[in-house]
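Asker: Residues per chain are reported as follows:
Number of protein chains: 2
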Amino acid sequence: MGIEEKQDDSRWFTERADEAGMGLQLRIRGKLHEEQSDFQFLEIYETESFGHLMVIDGFVMLTERDNFVYHEMMTHPVLFTHARPRQVAIIGGGDCGSLREVLRHDTVDSVTQVDIDERVTRLSEQYFPELCESNNDPRARLLFDDGIEWMRQAPDASLDVIIVDSTDPVGPGEGLFNRAFYTQCYRALADGGILIQQSESPLLHLDLIQSMREAMSNGGFDQLHTLQFPQPTYPSGWWSATMARKGDQGLEQFRRGDAAKRRFPTRYYSAEVHAGALAMPPFFCQAMAR
Amino acid sequence: MGIEEKQDDSRWFTERADEAGMGLQLRIRGKLHEEQSDFQFLEIYETESFGHLMVIDGFVMLTERDNFVYHEMMTHPVLFTHARPRQVAIIGGGDCGSLREVLRHDTVDSVTQVDIDERVTRLSEQYFPELCESNNDPRARLLFDDGIEWMRQAPDASLDVIIVDSTDPVGPGEGLFNRAFYTQCYRALADGGILIQQSESPLLHLDLIQSMREAMSNGGFDQLHTLQFPQPTYPSGWWSATMARKGDQGLEQFRRGDAAKRRFPTRYYSAEVHAGALAMPPFFCQAMAR
Numbered sequence: 001m002g003i004e005e006k007q008d009d010s011r012w013f014t015e016r017a018d019e020a021g022m023g024l025q026l027r028i029r030g031k032l033h034e035e036q037s038d039f040q041f042l043e044i045y046e047t048e049s050f051g052h053l054m055v056i057d058g059f060v061m062l063t064e065r066d067n068f069v070y071h072e073m074m075t076h077p078v079l080f081t082h083a084r085p086r087q088v089a090i091i092g093g094g095d096c097g098s099l100r101e102v103l104r105h106d107t108v109d110s111v112t113q114v115d116i117d118e119r120v121t122r123l124s125e126q127y128f129p130e131l132c133e134s135n136n137d138p139r140a141r142l143l144f145d146d147g148i149e150w151m152r153q154a155p156d157a158s159l160d161v162i163i164v165d166s167t168d169p170v171g172p173g174e175g176l177f178n179r180a181f182y183t184q185c186y187r188a189l190a191d192g193g194i195l196i197q198q199s200e201s202p203l204l205h206l207d208l209i210q211s212m213r214e215a216m217s218n219g220g221f222d223q224l225h226t227l228q229f230p231q232p233t234y235p236s237g238w239w240s241a242t243m244a245r246k247g248d249q250g251l252e253q254f255r256r257g258d259a260a261k262r263r264f265p266t267r268y269y270s271a272e273v274h275a276g277a278l279a280m281p282p283f284f285c286q287a288m289a290r
Numbered sequence: 001m002g003i004e005e006k007q008d009d010s011r012w013f014t015e016r017a018d019e020a021g022m023g024l025q026l027r028i029r030g031k032l033h034e035e036q037s038d039f040q041f042l043e044i045y046e047t048e049s050f051g052h053l054m055v056i057d058g059f060v061m062l063t064e065r066d067n068f069v070y071h072e073m074m075t076h077p078v079l080f081t082h083a084r085p086r087q088v089a090i091i092g093g094g095d096c097g098s099l100r101e102v103l104r105h106d107t108v109d110s111v112t113q114v115d116i117d118e119r120v121t122r123l124s125e126q127y128f129p130e131l132c133e134s135n136n137d138p139r140a141r142l143l144f145d146d147g148i149e150w151m152r153q154a155p156d157a158s159l160d161v162i163i164v165d166s167t168d169p170v171g172p173g174e175g176l177f178n179r180a181f182y183t184q185c186y187r188a189l190a191d192g193g194i195l196i197q198q199s200e201s202p203l204l205h206l207d208l209i210q211s212m213r214e215a216m217s218n219g220g221f222d223q224l225h226t227l228q229f230p231q232p233t234y235p236s237g238w239w240s241a242t243m244a245r246k247g248d249q250g251l252e253q254f255r256r257g258d259a260a261k262r263r264f265p266t267r268y269y270s271a272e273v274h275a276g277a278l279a280m281p282p283f284f285c286q287a288m289a290r
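Protein chains in written order, with the UniProt record's numbering: chain A, 1 to 290; chain B, 1 to 290.
Where hints are given, some of them may not hold.
Copies of the same chain are indistinguishable here, so a pair counts whether it falls within one copy or spans any two.
To be verified - Straight-line Cα separation of at most 20 Å, SDA-like style, residue types lysine to any residue; simulated pairs:
(1) Lys261 - Thr107
(2) Lys31 - Gly21
(3) Lys261 - Arg84
(4) Lys261 - Ala279
(5) Lys31 - Gly250
(6) Lys261 - Cys285
(7) Lys261 - Phe283
Hints were generated in silico from the structure; no laboratory data involved.
Construct the complete structure from the given sequences, taking the supplied hints into account.
Answerer: As structure tokens, then:
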């Protein structure tokens with residue numbers, strides 16, 4: 001503890017959010033793998049207390065211990081908000097954790113996952129096998145391709161739910177946070193369809209969330225709602241996802257009865273947690289109303 | 001980014017939760033003050049992005065930027081759960097941030113704050129003056145004394161709400177997490193009275209929360225409810241507080257109308273956020289039911 005010169009030199013992985021003036025450390029037993037894929041630099045560590053850790057271009061993507069919060073909150077709220085989600089697309093999501101959660105919903109007929117980097121999925125199969133346990137579900141189709149281009153070619157009104165489970169808006173993820181992409185998503189969604197996208201930290205990234213929401217509106221979306229959840233290994237430990245809907249139905253109502261009676265296991269998600277996550281704090285609502 | 005040897009040597013404050021295998025870093029402009037008080041080692045830093053930072057015995061106590069979440073959630077939920085809170089005690093809380101929030105409630109006739117270390121309050125007056133802006137309220141009484149002993153001498157049924165805003169259960173805070181202390185709190189509360197205490201991270205400290213709840217029950221408390229909120233500069237960024245009630249009324253119902261119509265500013269708290277914070281995730285509920 002204290003400033004750096006006082007510390008021991010044990011091995012810690014550090015991710016610094018320099019612009020936020022904060023950093024996260026995880027104690028490491030060793031590095032299990034590293035490679036430069038065609039798109040990004042991928043690392044796998046074994047941590048002391050968080051199990052396996054995947055790092056992309058220096059940023060924590062997921063750990064075994066806490067990814068359940070993120071994956072459950074990127075999937076179950078949007079799927080229980082849609083009246084009957086059948087056709088689902090996941091853009092990004094190469095670790096397959098969101099895919100697994102989507103496939104727990106028996107309304108879902110088909111999920112197409114489009115991640116540009118096949119190596120993320122191959123490493124996840126090796127180091128996070130529990131996230132990949134549904135990859136062979138006959139309803140799942142895994143494509144390794146450019147999600148932006150895939151969305152451009154998706155037929156009109158062919159999707160019920162789009163989950164954008166991407167890296168931050170730098171590098172390969174950049175084109176997933178702008179009006180051009182959202183316009184295509186809007187077109188590809190059927191009426192009542194919903195997009196959900198991870199939208200960074202409510203504390204650190206208010207400007208990003210605001211401009212993302214603006215781009216969603218400009219892309220045609222009629223309803224927006226941001227929800228919050230903890231994510232201990234992302235900067236600030238506090239994360240958000242933003243839902244955007246094609247059509248006039250709001251995003252506060254969901255199939256609460258179905259959520260309460262769900263027949264699959266969850267560790268973070270419940271109907272009550274879903275309702276709670278929709279309650280954004282006053283400082284956030286004020287910033288979004290600016 | 002990457003493991004430690006790759007990093008630059010800029011000045012960062014680091015708090016390592018060694019047992020949790022995780023650490024938090026804040027970029028520092030400089031150290032403004034340090035002293036060994038009669039009880040603990042106190043440091044004040046100026047950070048790059050979180051304003052002033054107070055550190056006690058190496059642990060982050062608060063920063064200017066994110067203390068609002070903690071202080072609002074340690075006070076408004078419990079005060080809006082009680083039917084008519086008049087007599088309030090704060091044990092610990094020397095930075096006076098909880099005191100300020102309590103005094104926003106016009107039902108409150110008197111607040112006695114008992115922190116063992118006067119130096120915490122003096123440093124807060126100097127470096128966190130906004131938290132101390134209500135210290136001269138005629139309803140407030142600041143004592144610098146042993147909170148455990150003070151509670152032992154408190155008259156029976158003399159308090160409506162007790163807020164235990166303490167350091168972690170090591171050092172001076174240790175005696176605030178056991179049955180003997182809770183027995184005295186129970187005795188000092190009037191019927192329907194509520195204790196709230198910070199109860200660490202739902203991710204990292206499940207065992208602590210469980211044993212704390214058990215000690216509260218053994219101390220006589222009839223109803224328990226833990227609530228959750230983000231706290232970016234505490235380990236894991238995810239924190240909790242546990243309410244314990246003397247009497248049969250539950251802790252899920254609160255004066256929602258009064259909370260919604262509150263005439264004071266809040267940044268994190270709202271009636272909806274309060275309801276949401278009560279929804280604990282399934283993994284937590286299962287662990288508590290063990």
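Asker: It remains to establish, for every hint, whether it holds in the given structure.
Answerer: Right, here's what the structure says about each hint:
1. Lys261 - Thr107: Answer is within; shortest intra-copy Cα gap is 14 Å, inter-copy 41 Å.
2. Lys31 - Gly21: Intra 26 Å, inter 16 Å, cutoff 20 Å: inter-copy only.
3. Lys261 - Arg84: Classified as within; 16 Å inside a copy, 37 Å across copies.
4. Lys261 - Ala279: between (22 Å within a copy, 16 Å between copies)
5. Lys31 - Gly250: Neither. Shortest intra-copy (46 Å) and inter-copy (49 Å) distances fail the 20 Å Cα cut-off.
6. Lys261 - Cys285: Intra 31 Å, inter 17 Å, cutoff 20 Å: inter-copy only.
7. Lys261 - Phe283: between (34 Å within a copy, 17 Å between copies)
Hint compliance for this structure: hint 5 alone is broken.
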